[in-house]
Amino acid sequence: MAHPASAPAGSGLVAWIAGVGLLGPGLPDWTAGAEILAGRQPYLPARTLVPVPASLPPAERRRVGAVVKLALAVGLEAAAGAAISPASLVTVFSSSTGDGHNCHQICETLASDDRHISPTRFHNSVHNAAAGYWSIATGATAPSNVLGAFDASFGAGLLEAMAQTMADRLPVLMLSYDSDYPEPLFATRPVPDTCGIALLMTPAATEKSLARLKVRLARPPADRLPDAGLEALRRAVPAARGLPLLALLAARRAGVAHLDYLDNVGLAAELLPC
Amino acid sequence: MRPSSAPLSSVTPLHLSACTASTCLGRGLALHRLAVAGGGSGLKPCDFETVGLATYIGEAPGVDDVMVRADLKEFDCRNNRLAQMALETDAFDAAVHAAIGRYGGQRIGVFLGTSTAGILQTELAYRRRDPLTGALPVDFVYRTTHNAFSVADFVHRYFGLSGPAVVVSTACSSSAKVFASAQRMIACGLLDAAIVGGVDSLCLTTLYGFSSLELTSDEPCRPYDAARKGISIGEGAAYVLLERLPDNLDSDAVLLLGTGESSDAYHMSSPHPEGRGAHQAMVAALAAAGLQPSSVDYINLHGTATHNNDAAEGKAVAALFGGRTPCSSTKGATGHTLGAAGAVEAILCALALSSGILPGSAHTLRLDPELSLDYLLAPRAGQPCTVLSNSFGFGGSNCSLVLGKAR
Numbered sequence: 002m003a004h005p006a007s008a009p010a011g012s013g014l015v016a017w018i019a020g021v022g023l024l025g026p027g028l029p030d031w032t033a034g035a036e037i038l039a040g041r042q043p044y045l046p047a048r049t050l051v052p053v054p055a056s057l058p059p060a061e062r063r064r065v066g067a068v069v070k071l072a073l074a075v076g077l078e079a080a081a082g083a084a085i086s087p088a089s090l091v092t093v094f095s096s097s098t099g100d101g102h103n104c105h106q107i108c109e110t111l112a113s114d115d116r117h118i119s120p121t122r123f124h125n126s127v128h129n130a131a132a133g134y135w136s137i138a139t140g141a142t143a144p145s146n147v148l149g150a151f152d153a154s155f156g157a158g159l160l161e162a163m164a165q166t167m168a169d170r171l172p173v174l175m176l177s178y179d180s181d182y183p184e185p186l187f188a189t190r191p192v193p194d195t196c197g198i199a200l201l202m203t204p205a206a207t208e209k210s211l212a213r214l215k216v217r218l219a220r221p222p223a224d225r226l227p228d229a230g231l232e233a234l235r236r237a238v239p240a241a242r243g244l245p246l247l248a249l250l251a252a253r254r255a256g257v258a259h260l261d262y263l264d265n266v267g268l269a270a271e272l273l274p275c
Numbered sequence: 192m193r194p195s196s197a198p199l200s201s202v203t204p205l206h207l208s209a210c211t212a213s214t215c216l217g218r219g220l221a222l223h224r225l226a227v228a229g230g231g232s233g234l235k236p237c238d239f240e241t242v243g244l245a246t247y248i249g250e251a252p253g254v255d256d257v258m259v260r261a262d263l264k265e266f267d268c269r270n271n272r273l274a275q276m277a278l279e280t281d282a283f284d285a286a287v288h289a290a291i292g293r294y295g296g297q298r299i300g301v302f303l304g305t306s307t308a309g310i311l312q313t314e315l316a317y318r319r320r321d322p323l324t325g326a327l328p329v330d331f332v333y334r335t336t337h338n339a340f341s342v343a344d345f346v347h348r349y350f351g352l353s354g355p356a357v358v359v360s361t362a363c364s365s366s367a368k369v370f371a372s373a374q375r376m377i378a379c380g381l382l383d384a385a386i387v388g389g390v391d392s393l394c395l396t397t398l399y400g401f402s403s404l405e406l407t408s409d410e411p412c413r414p415y416d417a418a419r420k421g422i423s424i425g426e427g428a429a430y431v432l433l434e435r436l437p438d439n440l441d442s443d444a445v446l447l448l449g450t451g452e453s454s455d456a457y458h459m460s461s462p463h464p465e466g467r468g469a470h471q472a473m474v475a476a477l478a479a480a481g482l483q484p485s486s487v488d489y490i491n492l493h494g495t496a497t498h499n500n501d502a503a504e505g506k507a508v509a510a511l512f513g514g515r516t517p518c519s520s521t522k523g524a525t526g527h528t529l530g531a532a533g534a535v536e537a538i539l540c541a542l543a544l545s546s547g548i549l550p551g552s553a554h555t556l557r558l559d560p561e562l563s564l565d566y567l568l569a570p571r572a573g574q575p576c577t578v579l580s581n582s583f584g585f586g587g588s589n590c591s592l593v594l595g596k597a598r
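Chains as they are written, first to last, in the working numbering: chain A, 2 to 275; chain B, 192 to 598.
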């Protein structure tokens, strides 16, 4: 491919990680997940248990699907870890698809004799539903972006959040999350379970910094995870493509995690613990 | 830490070195310039697919005749046909190839807004499910049609690029926010140029969905009219090639001066009644551009023609600009192109800067007397140097762009 003639040598995006959120099959939160990802505890796959978001008003709480609850859970965990109020945060949401169950219901209705779809289903069908509910739950009026990049969604969210941290000199919360699809869509997009990762990034080191992160575009392939179960998860859910980075963070080691991004472009994420 | 979205100082402007738009007004810039100058509209009674709704639509002509390039045929769907048709208009593809020659394919990003991408393909596939198993037909390809990313993936592959590619999907602010994402990534040095824009095409989900919320009008939409009754859904594809400023810039060149974003934190499908988020986004965009409200010569309003949107936005604009700045919504001409609206309207703003014609508001008969604005019912000749464009979406997602002439 074309040579990046004008790229400055070693160009990359730099930010500091101040908080982590994690929720997925057999990964109940970052504290427990870090022990598993670092190999200090065994990985025992189990269906993801998504908590009910206490932060949403009851009327909204009844309306939201698992994907919204998942995003709220990992985002709040990362903000709490960094001791930053979520109300103040710029956010970057990234997901291959929003709520697959909601989408299925709409498509079924539209293929039936009565095409009247529910207004709530329709407004929940927007890709930015999780971001909308997040802002209602936290009161955050700061900018919020919502991205989709199929299997590259984790990498796309990481690049966007780091660029925004650097350009605007503000803390940015990145949330990458995906939910399972019901049949018949599952057969065409086999995402088996919900999984989410959130990273709270700051433009400079703080007393809460866990590590300095530098990310640049790189050649594929990505790192594989040594545990077969975790590697299966990494490959099955787009958000889990970020697990090699979390494994390096959990090991508290300096190093480079190679992450999946687009088919022809990977990411090299260089981590330096604080 | 500062609570608002305004950067500490004004950002470095970028050059809109190429642009193109295809909507119900036609294919390419010339037809859009002509329609705006003549106050034309592309709306018609809804005859899309099997839709049985009493509403008007803005259908882009010629989309069904497009043959998606052979090596990308798995991407074939209405949305990507529209995407390709627009790429091959106004020599936009040639401008991208020239940029690849200057910078290399790794240094050019793709940032596209869409709300529904190729979901029409899935809606149609659900009518052809296996009666026994419920399975979707084998010719249905999820990744390259339904998935939101399909349109950015398509454009990325169309040009053989190897830089970042992403879809922004924040409902009707999507293709305004892509300008902000690209600007940040260029500012960080990761990119030299970006293809930004939006592509959204007609589908049943949005037509029946907005109808379920009683937000579609049974007549052509009448933005800011006292008797407005709701939106007319349109479709469109619009692209801009963004680059750093060259050493020598034509005085007619159009620049991206600033972007501003905010969240309502209020309701999923209704704007904050006082336009709080709209106000915040406009203030942030002006701060990023280093400009005062008095510097703005024209505002392209979001102006969907729903009661709540126009009331909230109108209040926010009057509060910030004092009702003196000429403004209009162009959705009576194009329909609401949803995820493409931000880019379509940025291009209409660029055309206003280069032609000097401020767009009027097709189908609007009488300004809502509750709103104290210099609202343009008809096109007006002027000498605009700086313009602002608003795009707001479901979930309370707001984005304003400031564009200006190089002078």
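Careful, some of the hints might be misleading.
Pairwise CB distance ranges, derived in the manner of DEER restraints [what the hints assert, rightly or not]:
| no. | chain 1 | residue 1 | chain 2 | residue 2 | range |
| --- | --- | --- | --- | --- | --- |
| 1 | B | S485 | A | A60 | 23 to 29 Å |
| 2 | A | A255 | B | G481 | 54 to 60 Å |
| 3 | B | P236 | A | K215 | 54 to 60 Å |
Just a few of them, taken from the derived set where beta-carbon distance is under 10 Å, the chain A residues facing chain B [claimed, not checked]:
| no. | residue |
| --- | --- |
| 4 | A39 |
| 5 | L50 |
| 6 | V51 |
| 7 | S97 |
| 8 | E109 |
| 9 | V147 |
| 10 | G149 |
| 11 | T189 |
| 12 | S210 |
| 13 | L211 |
Derived from the structure by calculation, the hints contain no laboratory data. The C-beta atom is built at its ideal place from N, Cα and C for all residues, glycine as well.
Status of each hint after checking the structure:
1. B:S485 to A:A60: 23 to 29 Å: Hint violated: Cβ distance 42 Å, outside 23 to 29 Å.
2. A:A255 to B:G481: 54 to 60 Å: For B:G481 against A:A255, whose Cβ atoms are near 40 Å apart, the range 54 to 60 Å is violated.
3. B:P236 to A:K215: 54 to 60 Å: Roughly 56 Å apart at Cβ, these two residues keep to the hinted range, so it holds.
4. A39: violated, 30 Å
5. L50: Given a least distance of 25 Å, the restraint on A:L50 is violated.
6. V51: With a closest approach of 20 Å, the A:V51 hint is violated.
7. S97: Since the shortest Cβ distance to chain B is 7 Å, the answer is holds.
8. E109: holds, 6 Å
9. V147: Cβ of A:V147 sits 5 Å from chain B, so the hint holds.
10. G149: holds, 4 Å
11. T189: Constraint on A:T189 satisfied, holds at 4 Å.
12. S210: Hint on A:S210: violated, closest Cβ of chain B at ~15 Å, above 10 Å.
13. L211: violated, 19 Å
Violated hints for the displayed structure, listed by number in ascending order: 1, 2, 4, 5, 6, 12, 13.
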